[in-house]
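Engineer: Below, each chain spelled out in residue letters.
2 protein chains.
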Amino acid sequence: MVSVFDLTQEAFLDLIHQKDTEQLSYLAQEMQAVDFAEFLEDVGIVESVYVFKVIPNDRMSIIFSYLSLDKQKILMQTFSGGQIENLLAHAQFDDIVDFLNEMPNDIVLRVLKHATYEQRHELNILLSYHPDTAGALLTTEYIELLEDDTVKSALAKVRVQGQSAASINTCFVVNNTNRLLGTVRLKEIMVSNEEVLIADLMETDVVSVNTKDDQEEVVQAFVRYDLATIPVVNDQYNLVGIITADDALDVIKEEATEDILRMASVVPVEGSYLNTSVFNMFKSRIPWLLVLMISASFTGHIISKNETLLLILPTLYSFIPMLMDTAGNAGSQASAMVIRGIVVDDLNIKDYFKVLFKEMQSSLLTGFVLFAVNTLRIAIFMPSVAWQMALVVSFTVYATIILANLVGGSLPLLALVFKVDPASMSGPVVTTVVDALALIVYFAVAAMYLGI
Amino acid sequence: MVSVFDLTQEAFLDLIHQKDTEQLSYLAQEMQAVDFAEFLEDVGIVESVYVFKVIPNDRMSIIFSYLSLDKQKILMQTFSGGQIENLLAHAQFDDIVDFLNEMPNDIVLRVLKHATYEQRHELNILLSYHPDTAGALLTTEYIELLEDDTVKSALAKVRVQGQSAASINTCFVVNNTNRLLGTVRLKEIMVSNEEVLIADLMETDVVSVNTKDDQEEVVQAFVRYDLATIPVVNDQYNLVGIITADDALDVIKEEATEDILRMASVVPVEGSYLNTSVFNMFKSRIPWLLVLMISASFTGHIISKNETLLLILPTLYSFIPMLMDTAGNAGSQASAMVIRGIVVDDLNIKDYFKVLFKEMQSSLLTGFVLFAVNTLRIAIFMPSVAWQMALVVSFTVYATIILANLVGGSLPLLALVFKVDPASMSGPVVTTVVDALALIVYFAVAAMYLGI
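Protein chains in written order, with the working numbering: chain B, 57 to 508; chain P, 57 to 508.
Hint data in this document are derived by calculation from the structure and do not stem from the laboratory. All values derive from a computational prediction rather than experimental measurement. Hints may contain errors.
With a Cα cut of at most 20 Å, we get these calculated SDA-like pairs of lysine to any residue [said to hold, decoys possible]:
{"id": "1", "chain 1": "B", "residue 1": "LYS309", "chain 2": "P", "residue 2": "LYS309"}
{"id": "2", "chain 1": "B", "residue 1": "LYS75", "chain 2": "B", "residue 2": "LEU125"}
{"id": "3", "chain 1": "B", "residue 1": "LYS361", "chain 2": "P", "residue 2": "ASP154"}
{"id": "4", "chain 1": "P", "residue 1": "LYS309", "chain 2": "P", "residue 2": "ASP154"}
{"id": "5", "chain 1": "B", "residue 1": "LYS339", "chain 2": "B", "residue 2": "ASP477"}
{"id": "6", "chain 1": "P", "residue 1": "LYS410", "chain 2": "B", "residue 2": "ILE111"}
{"id": "7", "chain 1": "B", "residue 1": "LYS361", "chain 2": "P", "residue 2": "MET445"}
{"id": "8", "chain 1": "B", "residue 1": "LYS406", "chain 2": "P", "residue 2": "ASP98"}
Beta-carbon label-pair distances, calculated as ranges [unchecked claim]:
{"id": "9", "chain 1": "B", "residue 1": "VAL247", "chain 2": "P", "residue 2": "SER81", "range": "15 to 25 Å"}
{"id": "10", "chain 1": "P", "residue 1": "GLU251", "chain 2": "B", "residue 2": "SER124", "range": "36 to 46 Å"}
{"id": "11", "chain 1": "B", "residue 1": "THR260", "chain 2": "P", "residue 2": "VAL105", "range": "28 to 38 Å"}
{"id": "12", "chain 1": "B", "residue 1": "LYS406", "chain 2": "P", "residue 2": "VAL105", "range": "50 to 60 Å"}
{"id": "13", "chain 1": "P", "residue 1": "GLN417", "chain 2": "B", "residue 2": "PHE413", "range": "15 to 25 Å"}
{"id": "14", "chain 1": "P", "residue 1": "VAL476", "chain 2": "B", "residue 2": "ARG235", "range": "52 to 62 Å"}
{"id": "15", "chain 1": "P", "residue 1": "VAL425", "chain 2": "B", "residue 2": "ARG235", "range": "32 to 42 Å"}
Heads up, incomplete: computed chain P residues facing chain B, CB under 10 Å, no partners named [unchecked claim]:
{"id": "16", "residue": "ILE140"}
{"id": "17", "residue": "LEU144"}
{"id": "18", "residue": "ILE405"}
Every residue, glycine too, gets a C-beta built ideally from N, C-alpha and C.
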């Protein structure tokens, strides 16, 4: 990606030290806000305060919205009442709400104190939505038309409301009780005759979400219907705001990467790796590690209970790590494919038997290849092992693959039934379960072979 | 999400069997295309062909674009020349290209044969872009203005080009050699005086991508700059198309879920779980299973080499599964957090020592808790185990956690250096490595304890 300003951190700092307000204002105006914020992120607090004093008022709030929470918090404490008023006057309210949601109470109260009556009213509504719902993502800046508007009156409204609207591709049509009736594309309006009624242009099969819908549902609607914006309604189907695709992008990035953590049995943490405190890192990892350590001890009991077998045939030991690892890997593979299916193509419990059948077929094939390779490997590289023993191990591998694929394929779907995140039914959890199964099969087969 | 049509699959099929062309046309027109396509997906081929004959021409291509590749392929073989011409006349060309990229040669040639000269020219350009690049994502339907356009002439262009444009929020400004100069928001144009020049309204710090940029870079630009559209230029910085946020959403969903598979050592496969053939499933899983099975055998050797120890102290056995599982889990957790860091906040090899230091601190804390819990657990529930033995196990747990976190944190970053996807350095791979380390530590500590 290309942005036209070539500026180094040093040059940026020089501008501040030379108090070149003109150039700083120019850059704040012309550069992408996120790029300007990135330079600002790494300068000291005194310098940052200075920059916020000299840059244009209308750029201040957008640049502020791209700073880290820590920086925002420190800066906010230095802002004068006038600066806060400026910030509110030019801000996107969803950005302000994101920020306030993370701030301590004294900062929230200070901001609300400097808000106008209307701003405070709107902020209070937005703050009342639960984070991670459609309500928390919406912006109230959109173009609203009435069904009995004509093209002429609609265009007049677009000129006014369009100034602050997050998107003007689509206009939203409501009746006089604010109930959402449909949508009209601005391009339809622009080429229609002045007297045509909006009611005659609008499309009525509108995809919308409720303020209380989870943000994951919002993303699904965007992906399924290839939307650029989606209207948000309350329980009375009144239009309260819209969500734009770029917000959906942020959510999808956040959610998809949360799955990465859940799949490794880490309790999701927000924020970047390097900014996460050691203690938060510890907190996010220790719960599952403890649970799984205790669970794995039961696998140990399986070994203890079969000590006689192991004393008769000590070679049995040396295959245990391979069996456990292979079981865990096969289980993780199956669960990952099913988790992806749930995320990408709405796989659900109704498909349970189809999934089982598919995993069964796939495991028969995979297991066969591993059976063959393992038998050959032992025959060639471990000539001291009896061929019957090699068959015991290979047969266990085969059976383990089947069990691991069935368990790995089942757990994420069963998680859905119990309203648990399917992504947490993967890697470590699946491994712990199938390791135990692998050893049970191993000792059962070995016992049969030894005739006890 | 809410869509207003309540229609069952049976009712849809009834409409076809009753040859209710009027109602089918109405639904094809008014329903969301993806919903209509979903109903169509599950009806037989004869019925599908019939539906495509009766629905309006302008809806045919968008509904077609939402069908599965299999269905598209079968239908395309039944289409008359006239139907193909209709499809091309109303299609988004990026959809057509997505489809042609997956089709056998005879179908591609047949479609190209029925294209007009201009359509063929454009399709050939789009087909020449490498899949997974910005070129393959772009659409050529956007609003293009010249720098010396006035607001009046610009609005006239918007009315014409806006009809087919993918987005009209932003207009793209070029000079007469088609070099990208800047962007103007339509809302700025709409409120400006008729004689104002576009050059005076446009913003010049434009974020753009090159046709050859990887689709992952495109997504990063969308996320970083909160864009709704991004212009795509060639090496001469000529504007060749735009990409819209909904396409970026599809890419991000695809890429993020590929990581889910890689993290479980599955070679990524495209398409839905249920549509993936058993053989493709087998192919995507067997390579890593084989590699890891062979690697895990080395862990077995560690046990074989320590048989003397195990004969002296058989209790050592029963802790092996717990040690292996805990090592694997701790390693997976660390690698998942680092992988997420790489995906979300550009963690890279320069941060290597910071990551190691952080993992070290976190592992000291985590290891300590596991040390304590494990010692207590053995003391309370396994009174037959000597306290020295309990300490051997607990100390091994502690050391293992440290090693596993360091290895798990390192591998994804090292993968970057060797141009390997970091996501594949996770779960199973990390587990296999740290399992071996855990056993080496275990036997070393046990040997010290036994004084051999």
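Engineer: List in ascending order the numbers of the hints, as given earlier, that are violated by the structure.
Structural biologist: 2, 3, 6, 12, 13, 15, 16, 17, 18
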